[in-house]
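So the sequence lines, in the order shown, correspond to chains X and E. Just so you know, we're using my numbering here: the first sequence kicks off at 1 and counts up by one. Just so you know, we're using my numbering here: the second sequence kicks off at 1001 and counts up by one.
Treat the hints with care, as some may be off.
Derived pair list, reagent style DSS-like, types lysine-lysine, alpha-carbon separation capped at 27 Å [unchecked claim]: (1) X:172 with X:346; (2) X:203 with E:1034; (3) E:1047 with X:29; (4) E:1066 with X:344; (5) E:1131 with E:1209; (6) X:346 with X:618; (7) X:243 with E:1037; (8) X:751 with E:1066; (9) X:517 with X:618; (10) E:1047 with X:243; (11) E:1236 with X:832; (12) X:142 with E:1117; (13) X:796 with E:1047; (14) X:811 with X:875; (15) X:929 with E:1217; (16) E:1117 with E:1066; (17) X:342 with E:1236; (18) X:346 with E:1037; (19) E:1066 with E:1049; (20) X:751 with E:1131.
Pair by pair, the computed Cβ-Cβ distance ranges are [to be verified]: (21) E:1032 with X:909: 36 to 44 Å; (22) X:109 with E:1032: 18 to 26 Å; (23) E:1155 with X:929: 34 to 42 Å; (24) E:1021 with X:466: 27 to 35 Å; (25) X:528 with E:1209: 38 to 46 Å; (26) E:1064 with X:145: 50 to 58 Å; (27) X:480 with E:1082: 49 to 57 Å; (28) E:1209 with X:463: 36 to 44 Å.
Partial selection, computed: residues in chain E whose CB lies under 7 Å from chain X [said to hold, decoys possible]: (29) 1025; (30) 1073; (31) 1075; (32) 1134; (33) 1140; (34) 1143; (35) 1145; (36) 1148; (37) 1165; (38) 1168.
It is worth saying that the hints were derived from the structure and are not from the lab. Keep in mind that this is a model prediction, so the values were computed, not measured. Backbone N, C-alpha and C define an ideal beta-carbon position, used for all residues, glycine too.
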Amino acid sequence: MFRKFVSIFVFLACSVLVLGQSPQNISVKGRVLDSLGETVPAATVMLLTSSDSTLVNYTTTDSDGSFMFRSVKNSGLLLKISHISYMPIQKSIPIIDNQEFDFGNILVEPIAEVLMEVVIKSAQAPLFIHGDTVEYDARLFKVPPGSTVEDLLKRLPGIEVDADGNISSMGKGVRRVYVDGKTFFGDDPKSVTKNLDAEAISKVQVYNDKSEQERLTGIDDGSEDKAMNLELKEEYKKGYFGKASVAAGTEQRWAARGSYNRFNETSQLSFMGYGNNINSTGVNWEDYQEFKGSSAYSEYDDGDFGFNTRNYRHYSMSYVNDYSGKGFTENYGGGVNYNYFKDKIKFNASYFFNQSDLVYDEFLKRQTFLTDTSYYQFDTTDYNRLNFSHSISSRVEVEFDSTNTLVFRINSRVSGSGIDSYKTQLYQTDAPLFSDINMNTNRDSSNLGSYSVNALSIYNHKFDKKGRSVSVSGSADISDNNTGRLTDNINEFFLLLTPTEQIKYLYDNTRSNNLYKSSVMYVEPFGKRFSLMGFYNFSSNETKSGKVVKDVLADNVLVNSMTNYYIHKVMYNRLGTSFTYAYQGLNITLGGAYQLIDMDGRYAFLQASSDYTNLVPKSFNNFVPYFNANWQMPNNLRLSFDYSYDIDEPEMSQLQPIVDNSNPLFSVEGNLNLTPEISHSMSGGVYFWNQASFASFSIHAGASIYENSIVYNQTTVLEDGIGYVTTSKPENVEGGQNSYAYFWGSVPIIKTILTLNLSGNVRFADNPVYINGIKNITNSDYYGTSLGLNLSIGSKLSFTFGGGISQNNVKYSIQTSQNQNIDDFSARSGIKWQIFKKTFVEGNLDWNNYVSDRLDYNQDVLLVNMSIRQVLGEKNRFEVRLAGFDLLNQKQYLYQMAYSNYTQFTEAPTLARYFMLSVAYNLKGFEAKNAKNRYW
Amino acid sequence: MKIKTILVSTFIFIAVIVLSQPNSGKINYNVRHKWTKKIAAVDYMSKAKREHYEYVWGNSPEYEEKSVLTFTPEAYRYDEIEDQTEYVGYSWRSTEYFIFRDITNNSTYDVMRMFNKLYLIEDSIQYPNWKILNDLKEVAGHICMSASYVDTIKNNKITAWFALDWPVNMGPERFGGLPGVILEVDINNGAMIISADTIIEDANVKVEKPEHKKRIKTLTESEYIKLLIDYMEECKAEERPYFWGLRY
């Protein structure tokens, strides 16, 4: 502190001394003339600091080219004169002893016409002038790929290249060519310009060269040679990144993964691979984005124009993690992705393979309510599934010009799976409680092979009139499946002394599907606020299916009642329009469409070649209205509301008069008289974000009311010698509705330190279903709420705390005595702590409690995870992590639900306590700080 | 020699014509936003996140809007225009923003919405310390020279191109203080570019001091800067882009 004080004092003292000698402020004047002695009026004259060219003051020259600054600091400023017709000139103003400094006549040189007219005006290229150097931006002068520097120079205004390759700039010969300031292959300029690739050059600089004699003597001999420097492109847009990690743990756990990306200005190439047995069945969303790069969102191309599109979209993101939480998996995957984008073309191609082997055991308890009784079911399942897929996809987007764009995309997939399951189902009575009725044992093994191809193209044209556009799309989805299945079912009835019944069937199923679609859309604006949109959608879908069933116990004889072939076709036409008002954040759309659905089909038993029976063709036509409004208020409050009228036709398989009774206890039959499901849906929301306090909240509510819904009505009877046998049939049922509302809010209690998060959620549903001919309405009211706190102490330590409660009240009109509550309680806390510069500790604790009064179920799970990681190396490229998962060894899959006329819970063991040590490498280095992921 | 004389005289003649610039009229600007470059320039956020964002989204199209500067010798005003050409059928609310400069009285009357609140900045006109470079280029028919400075609060690198043949101190947004009309501004190497498109002379243009709106918080220039500094501190602590609540 004292030192500082002394230095300031000394500085002040010196300043006073200096000021004592020279005047503080002076006047500066001069007169600007060109090389012919003509005056230069209206030139800009600027005073700049000599240290960093900061603008201090400015003026313009008067009609006789004179200028004058008064009260200029006498501190050695720079004087700069610029004029559109002359090269800028810069002079220093010396520190003087008298009151005025007169530059006298200042001569300026004209800018060569060719530079002004051609470079700046025609090519629109900035011209950089540093002293006597003139610089061209080479990237703005296009040459064909593979061109040499000579070809590039020929395009630069003011530069000429003769037949022999000699270069001249503004009439003066270029004697030397440097590359990044260095001589290249000796002194011959041509060796550079004829050999170097033009694509590598970013800038061309031309300046006056000193002759050899001038260099030696230091005396300007008046020679007017030019030199040229070629600056190579910066490599900043080119690069690579990559990550790799391996991990090993207790319980024979292991994991490995790696990715490598290479990119430059026009392309991205990436590789990725992984394998593990810690239930990561695919990659996470962030890794997926990094793998796909700039084409990560190209999956969202939509050719189904119009409001409220019918979603036939297929997302080929099968390699994103989708583990259900049950059991144990072993997973492998890998692929390559390439993106190319230059000028008006975007291209993507990718391949991915993934495989997952899942093994689980599951226990299920279910209570089913009939009109005046109920029964219990206890299922134990051993399940094993191995599936794999190869996906190849490609997409091209071509912008022919500013008005025409074409997108073409093709996705294809070959996949297969093998499933083995062994399930025992024990049925018990309610009264007397838990008395055995029957035991059904099912052994099932199947193999599935399939392929699918999906091609889509979208063309868009914009007209000269702003906002007017037309879009056309076409697509084809083709898929084919083959399944071979052997099922062995044994039913043992305990109430009577009847023989055990066994069914052993061999299935050979084939199914192929061809879907073709096309859409047209036209948009016409009316003024600045209104627009009209018209669209037409067409689709044609044909499904062919064949099912051959053989009875293994009867020498593989065909099971006539179940062997069948069918073909069904659905044709869909929709013509619609909508009118939109859009201005200053208020958007209102009102629309309507007329839609026509035609269904046709035929089926045959036994043989594919035998006579087909035609189903009665069905045709449904409806008018569908649509309304949507949203309003953005000035203070970031947004309101939205929409209404739609939805018509969903029955599936052809629901219409077929065929009974599927492969399970003797549960059979499904078709219904020829089904009509479409009709519903009204509406939803609205309020969203607010305060950018000053960082507080936000959102409320959203919606409801669907069914005029007519398709419900699987059930008839369940206790059959002697078998057990409870259920027959289910899809039928149209009046009524049914559901509604929901949710709320969430985030309020900073202490800005940037303590934040409170709140949420609430209610859902009400009435679902009708006929049970043994009596209409039951299952009424489900769900209430849930949660509260959480985030506490950040500096950037190194943060905590989270929270908890939630939810209750589901389920009421059955058919048997009110079975009404029940299902409750979930949860509490959680977490810590992230950067203990040392490169050492991080993370831990979290999660408690969940599941309660069902009806099934007498109460289960607690407390999960504790801890990890410590250390970033290593000068560039932070290594990371070592030791993690303990589920330290109390309590993890399992738990799920409880109540629906239709049953309630159930499921338990399945899964990967519980294990410890793992991992080593990771990141080419770019790991960031030695706690990540903040709250916003994005 | 003779040719040279003719050439130079012609130049001077052209220059004099060019220098007779409009006193009153309008300058229409195109404003282009490149979101990935904006994100990439926020140095207080995770570098890995910014690079990820650039890699995935870097190829997405720019967002373009329009603005207009209306000027007379006494005053000028800068406004954004709602333009529906690209997004027919949907409209976002444009946030309140205009810049009014009374040249005669050297005063500002700038209205803008920042982090949800409407503010008025009323003070004398103040300018940054521009550094003048020697680069020339043409913008909307004018030869411009470049000037630059670093906005140390938002950590933005600003490059402006001012007309050498139109010695009037005015520009788009809050930029000014140069020996010529600012016809282009580039923030952070292309993250946002405001570039003059057309210049229309109109002697009948009037720029009057806007009416004071009710319930508006008035700030001096230094209060405005304090507000920015405080907000930037909060954004840095939260590691969120500041331009979600503030103009770029």
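Item to complete: Take the C-beta atom of residue 109 of chain X and the C-beta atom of residue 1032 of chain E, compute their distance, and say whether it sits inside 18 to 26 Å.
Response: Since residue 109 of chain X and residue 1032 of chain E have Cβ atoms about 36 Å apart, the given range 18 to 26 Å is violated.
Worksheet entry | Pair hint outcome, residue 751 of chain X versus residue 1066 of chain E [Cα-Cα no greater than 27 Å] | Cα-Cα ~36 Å, so violated.
Discussion item. Using the nearest Cβ pair, does residue 1145 of chain E come within less than 7 Å of chain X?
Written reply: holds, 6 Å
Worksheet item: Taking 27 Å as the top limit, are the C-alpha atoms of residue 929 of chain X and residue 1217 of chain E close enough?
Response: violated, 39 Å
Discussion item. Given the hinted pair residue 346 of chain X and residue 1037 of chain E, is their Cα-Cα distance within 27 Å?
Written reply: holds, 20 Å
Worksheet entry | Proposed proximity, residue 1209 of chain E with residue 1131 of chain E (alpha carbon, max 27 Å) | violated, 31 Å
Item to complete: Using the beta carbons of residue 1209 of chain E and residue 463 of chain X, state whether their distance is inside 36 to 44 Å or not.
Response: Given about 42 Å between the Cβ atoms, the range holds.
Worksheet entry | Pairwise beta carbon distance, residue 1021 of chain E to residue 466 of chain X, judged against the given window 27 to 35 Å | holds, 30 Å
Practice prompt. Given the hint that residue 751 of chain X pairs with residue 1131 of chain E, test it: the Cα-Cα distance must not exceed 27 Å.
Written response: Violated. Residue 751 of chain X to residue 1131 of chain E sits at ~38 Å, over the 27 Å cutoff.
Worksheet item: Are residue 1047 of chain E and residue 29 of chain X close enough, with their CA atoms no more than 27 Å apart?
Response: violated, 51 Å
Fill in: Closest C-beta approach of residue 1148 of chain E to chain X relative to 7 Å, hint status
With Cβ-Cβ at 9 Å, over 7 Å, it is violated.
Fill in: Outcome for the supplied range 34 to 42 Å, where the beta carbon pair is residue 1155 of chain E and residue 929 of chain X
violated, 19 Å
Against the hints set out earlier in the document, violations occur for numbers 1, 3, 5, 6, 8, 12, 14, 15, 17, 19, 20, 21, 22, 23, 25, 26, 29, 30, 31, 33, 36 and 38.
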